[in-house]
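For chain A, the structure is supplied; the task is to place chain B on it using the hints.
What follows is the residue order along each chain.
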Amino acid sequence: GAGVSQSPSNKVTEKGKDVELRCDPISGHTALYWYRQSLGQGLEFLIYFQGNSAPDKSGLPSDRFSAERTGGSVSTLTIQRTQQEDSAVYLCASSITSGKGYEQYFGPGTRLTVT
Amino acid sequence: AQSVTQLGSHVSVSEGALVLLRCNYSSSVPPYLFWYVQYPNKGLQLLLKYTSAATLVKGINGFEAEFKKSETSFHLTKPSAHMSDAAEYFCAVSEGNDMRFGAGTRLTVKP
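From first to last, the protein sequence lines are chains A and B. Taken in order, the first sequence gives residues 1229 to 1343; the numbers are from this note's numbering. Taken in order, the second sequence gives residues 1023 to 1133; the numbers are from this note's numbering.
In case anyone wonders, no lab produced these hints; they're calculated from the structure. Incorrect hints may appear among the rest.
[Claimed, not checked] These stretches of chain B come out as covered by chain A in the derived footprint (C-beta under 8 Å, 3 or more residues):
hint : stretch
1    : 1032-1043
2    : 1124-1133
[Said to hold, decoys possible] Here are the simulated distance ranges between beta carbons:
hint : chain 1 : residue 1 : chain 2 : residue 2 : range
3    : B       : Thr-1073  : A       : Ala-1230  : 39 to 47 Å
4    : A       : Thr-1306  : B       : Leu-1042  : 39 to 47 Å
5    : B       : Leu-1078  : A       : Ser-1266  : 31 to 39 Å
Fair warning: this is a prediction, and the values are worked out from it, not measured in the lab. Don't be surprised by glycine CBs; every beta carbon is placed ideally from N, CA and C.
Only chain A is shown next, with the shape it has when bound in the complex:
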């Protein structure tokens, strides 16, 4: 079946511009996660959604970052006024539900380069 998809696969933008990154989770998965992977830094948790509950935004690094999930499915991560330190791979994952023990399925990521 279809896995988690992300678009675009690569994005180059100028400093100060806004960007939107999209994630399509596996159909039927109620939990959706966003992570940032910087070189040598591992995965940094950003935000997660579970069904219709309020998202856990505790990992968002600044108020320039926001995310939404429409209809409990597709999610968009928006970065406003991009900075060079925002350059990273942004990974999306989904799981059938939240809670420990449930495997997260990852998309291929969006590589963001801010020039």
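Only chain B this time, still in chain A's reference frame:
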């Protein structure tokens, strides 16, 4: 708060040699522990997970990991490395609704 520490950002082994990737965790409750693998330009793929059943967990591609509560460790091993094992490996811990990842260990396999 939950966290994991992966000892060694880079590990290099010869083909056919033992692979040992180290992971220590910190958790206030009995954790669930995971190992993921990331091949170049790909997303993460689950290798194996510990969910409080057997302490020795077998995963895909011949990997296994042992949960040792006394050492707060969950090290990943494979008896004989293959060239195709070259990748980045991430240990992760889950106490509740989210998952926290280690910084990753890049495995290189020499012919």
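Hint-by-hint comparison with the structure:
1. For the stretch 1032-1043 of chain B, the stated coverage by chain A is violated: 0 residues have a C-beta nearer than 8 Å to a C-beta of that chain, whereas at least 3 were required.
2. For the stretch 1124-1133 of chain B, the assignment as covered by chain A holds, since 3 residues bring a beta-carbon within under 8 Å of that chain's beta-carbons and 3 suffice.
3. One distance hint, 39 to 47 Å for the beta-carbon pair B/Thr-1073 and A/Ala-1230, is violated here, with the actual separation near 26 Å.
4. In this structure the supplied range 39 to 47 Å holds for A/Thr-1306 paired with B/Leu-1042, their Cβ-Cβ distance being about 41 Å.
5. For B/Leu-1078 and A/Ser-1266, the hinted distance range of 31 to 39 Å is satisfied, since their beta carbons lie about 33 Å from each other.
Hint check: violations occur at hints 1 and 3; the rest are consistent with the structure.
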